[in-house]
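K.L.:
Listed here are the chains, written in short residue letters.
Protein chains: 2
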Amino acid sequence: METSQRIKKMSEPALLKYYALVDSVQKKGKKVYFLNIGQPDIQTPKGFLERVNCLNEKVLSYQAPEGIIPLREAACGYYGRLGLNYLIEDLLVTSGGSEALLFTFIGICNPGDEILVAEPLYSIYKEMAAATDVKLVGFKTYAEDGFALPDISIIEAAITPKTRGILMTNPGNPTGKVFTAKEIGVYIDLALKHDLYLISDEVYREFVYKDQAYLSPAQYPEMSQNFILIDSISKRYSACGVRIGLIVSKNKVLMKQLKKLCQMRLAVSTVDQLGAVSLFELDQHFFDDTLKEYTHRREIVNTALQEIPGVICKEPKGAFYFMVKLPIKNACHFIEWMITDFEYKGETVLLSPANDFYLNPDDGADEVRIACVLNGEEMRIAMEILKRGLAAYGCAFPEACK
Amino acid sequence: METSQRIKKMSEPALLKYYALVDSVQKKGKKVYFLNIGQPDIQTPKGFLERVNCLNEKVLSYQAPEGIIPLREAACGYYGRLGLNYLIEDLLVTSGGSEALLFTFIGICNPGDEILVAEPLYSIYKEMAAATDVKLVGFKTYAEDGFALPDISIIEAAITPKTRGILMTNPGNPTGKVFTAKEIGVYIDLALKHDLYLISDEVYREFVYKDQAYLSPAQYPEMSQNFILIDSISKRYSACGVRIGLIVSKNKVLMKQLKKLCQMRLAVSTVDQLGAVSLFELDQHFFDDTLKEYTHRREIVNTALQEIPGVICKEPKGAFYFMVKLPIKNACHFIEWMITDFEYKGETVLLSPANDFYLNPDDGADEVRIACVLNGEEMRIAMEILKRGLAAYGCAFPEACK
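Going down the list, the sequences are from chains A and B. If you count the first sequence from 1, you need to add 20 to reach my numbering. If you count the second sequence from 1, you need to add 20 to reach my numbering.
Hints are computed from structural coordinates only; laboratory data are not their basis. A few of these clues could be false.
[Said to hold, decoys possible] With a cut-off of at most 20 Å between alpha-carbon atoms, the simulated DMTMM-like pairs for lysine to aspartate or glutamate come out as follows:
id	chain 1	residue 1	chain 2	residue 2
1	B	Lys78	A	Glu242
2	A	Lys155	A	Asp382
3	A	Lys270	B	Glu22
4	B	Lys349	B	Asp382
5	A	Lys213	B	Glu22
6	B	Lys37	A	Glu109
7	A	Lys182	B	Asp382
8	A	Lys213	A	Glu242
9	A	Lys28	B	Asp133
10	A	Lys202	A	Asp171
All figures in this text were calculated on a predicted structure; none of them were measured in a lab.
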């Protein structure tokens with residue numbers, strides 16, 4: 021029995037292979053700091069379960085395919101507070117940001133069509149593209165200059181007759197990059213000039229540190245027909261297990277088409293939708309408090325990383341990741357060695373290898389992603405472990421170091 | 021800005037066009053019995069919300085992509101009570117049966133590959149196929165003989181080198197058909213002979229009336245590598261708004277591939293999964309009570325339909341739909357007329373036109389689907405309205421009748 025080519029092209033998450041190793045060392049008493057996945061430790065606002073606990077529905081029935089009105093109204097209220105004027109008909113509720121992206125890929129691309137994206141990129145984009153027969157075409161950005169966009173000519177050279185859209189992640193995962201007005205201008209110019217959709221994945225919108233402003237193509241009226249916003253409550257409200265995302269666009273023709281995909285899967289979870297209304301109603305204080313915590317962690321991690329010899333990393337401007345170039349040749353080997361062979365006071369760290377964040381798995385061999393998903397003190401200890409691990413690795417494998 | 025060909029090929033649900041009409045007549049005081057959609061009125065078991073209300077999670081985090089272990093264990097327990105021996109590694113939890121089907125289509129078909137299916141078919145299969153560039157190839161079954169499978173040679177003639185699977189719905193929506201041992205044997209023979217997947221959508225499994233036994237290819241060990249079970253809690257537990265479905269198969273290679281699609285969308289709703297554990301734990305009494313109610317409705321509707329001159333319909337053996345041939349030429353016109361022009365004691369009914377359940381929209385012009393989703397007394401009144409409506413329509417449009 022054969023399976024399809026498209027599913028064979030998909031990859032298993034790179035991290036899976038480490039979990040068996042982690043299990044075995046944990047059983048031997050080694051403590052592992054998990055800095056590998058973007059599952060925040062911040063408490064989910066209590067309003068969610070409180071709202072859910074008030075439910076008294078006799079029948080938990082299908083809701084409207086495009087999402088319940090109270091949730092879309094609450095989301096519009098949230099966008100309004102950001103200065104974005106969206107109406108409920110501009111919103112489709114999806115089962116997480118993942119479904120929003122999946123539907124967008126299906127809706128704008130035929131098999132073989134292309135979407136342009138900066139590398140390093142969120143690894144799951146590759147799986148979405150494989151599943152929907154879309155070809156991702158990448159252009160590189162680099163740790164050395166904080167993952168700044170390259171010159172417009174470099175991006176433009178990657179556009180072909182099959183290009184249907186540009187996908188930007190703002191703030192970036194894994195890069196922590198927050199695009200400047202000039203960089204957003206580059207994306208907008210290209211989209212308008214070449215008649216492309218500009219898809220902006222802004223699930224980390226509320227994680228922009230004080231040294232930079234949040235900007236979005238959503239703020240440019242001339243983009244109304246080209247722009248698609250991908251959103252999710254997962255990170256913003258520390259509610260990853262509540263599967264609520266959004267596709268947002270002023271392009272009525274596109275939205276009418278995308279709604280057919282919502283109808284195809286009937287509805288999004290009733291309970292998740294009703295509970296999520298309470299999250300969109302939270303005011304700025306919630307974000308301020310959360311950002312304060314992540315700012316603290318960023319400072320700790322950045323200070324620690326800058327002190328490690330040979331590490332290349334600019335302080336991220338947004339999200340809660342550090343994409344770090346290490347003075348080694350093979351991050352996968354280093355990560356595995358850290359689990360199996362290294363410990364400092366009986367503890368070690370699990371990092372993400374960066375090759376998963378590139379279209380070509382040979383790229384990013386000397387990079388790792390660090391997720392700031394533990395509290396400040398734990399992050400401090402984890403960075404100390406990383407520093408000592410790198411030194412020990414350098415002694416053990418001088419030929420594997422730079 | 022163009023959208024994709026695949027999304028343009030998708031259709032909007034046929035019923036949408038009637039809702040505006042229904043709205044306008046409801047505002048004028050006409051009562052409408054909605055027999056058009058499969059949203060049961062049966063109470064969702066209280067255990068779901070009770071379980072959810074006990075939740076005390078600090079962080080609602082991502083769960084395992086393949087579904088939480090307690091839910092898969094509870095589902096295995098349910099299958100065990102049916103005599104089906106599945107292990108948790110044979111199960112992938114999905115966001116409703118829809119996602120289970122979508123992933124299966126992506127996982128076994130390349131763009132352009134074919135899946136064989138009996139017509140009339142569940143209309144959303146067509147949208148899934150369009151979205152995933154799969155071609156559905158149909159073979160006809162007929163109201164006159166209760167939608168029995170045609171001779172094996174007719175089905176076999178539709179198999180091409182591009183055929184990847186056969187999709188059966190058992191019990192059938194919209195047909196109410198429950199396959200006999202002989203018919204299941206036909207499907208199994210074809211799947212084994214031509215090396216095809218046999219996908220069985222069994223979301224109505226617990227709605228099999230006493231005059232027939234439930235049988236499934238799952239009961240045939242020789243099918244272990246070819247068989248894929250699609251399941252959902254929506255209808256079975258009257259929990260359509262709880263988005264929990266399952267892909268079940270003993271084919272480990274296939275399941276390893278399909279798991280990548282689960283990883284792509286990260287997780288299914290935490291709350292829905294935890295609550296659904298309580299549903300799978302319900303014993304046979306719940307199904308017995310529900311079936312008793314639907315048996316009552318089936319009797320009322322069947323008795324009423326058999327008394328209407330010119331109606332062709334065998335009593336369905338399963339599910340809660342009647343697929344009915346009416347003595348008219350254009351069911352769409354009749355349904356619309358029933359809403360806008362007809363009333364009996366200030367009331368009317370909304371039915372589903374059957375052309376939505378065929379691959380060629382010209383088919384099924386004289387058929388409608390009736391969903392038994394109201395209580396017995398309401399179903400009795402609705403059938404009376406239908407009977408009187410047909411008579412009045414015959415007088416108003418003799419040329420549109422047979």
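K.L.:
If a hint holds in the structure, say so; if it does not, say that too.
P.N.:
So, going through the hints one by one against the coordinates:
1. With a CA separation close to 43 Å, the supplied pair Lys78/B and Glu242/A exceeds the 20 Å bound.
2. With a CA separation close to 18 Å, the supplied pair Lys155/A and Asp382/A stays within the 20 Å bound.
3. For the suggested pair Lys270/A and Glu22/B, the alpha carbons sit about 14 Å apart, so the restraint of at most 20 Å is met.
4. At most 20 Å may separate the alpha-carbon atoms for a hinted pair to count; Lys349/B and Asp382/B meet this at roughly 11 Å.
5. A threshold of 20 Å between alpha carbons decides the hint, and for Lys213/A with Glu22/B the separation of about 15 Å falls inside it, so the pair holds.
6. Our distance criterion of 20 Å between C-alpha atoms is met by Lys37/B and Glu109/A, whose separation comes to about 18 Å.
7. Between the alpha carbons of Lys182/A and Asp382/B the distance comes to roughly 35 Å, so the proposed pair goes past 20 Å and is violated.
8. Distance hint between Lys213/A and Glu242/A is fulfilled; the C-alpha atoms sit about 12 Å from each other, no more than 20 Å.
9. For the proposed pair Lys28/A and Asp133/B, the alpha carbon gap of about 15 Å is at most 20 Å, so the pair holds.
10. Distance hint between Lys202/A and Asp171/A is fulfilled; the C-alpha atoms sit about 11 Å from each other, no more than 20 Å.
In the structure shown, a violation is registered for the earlier hints numbered 1 and 7, in ascending order.
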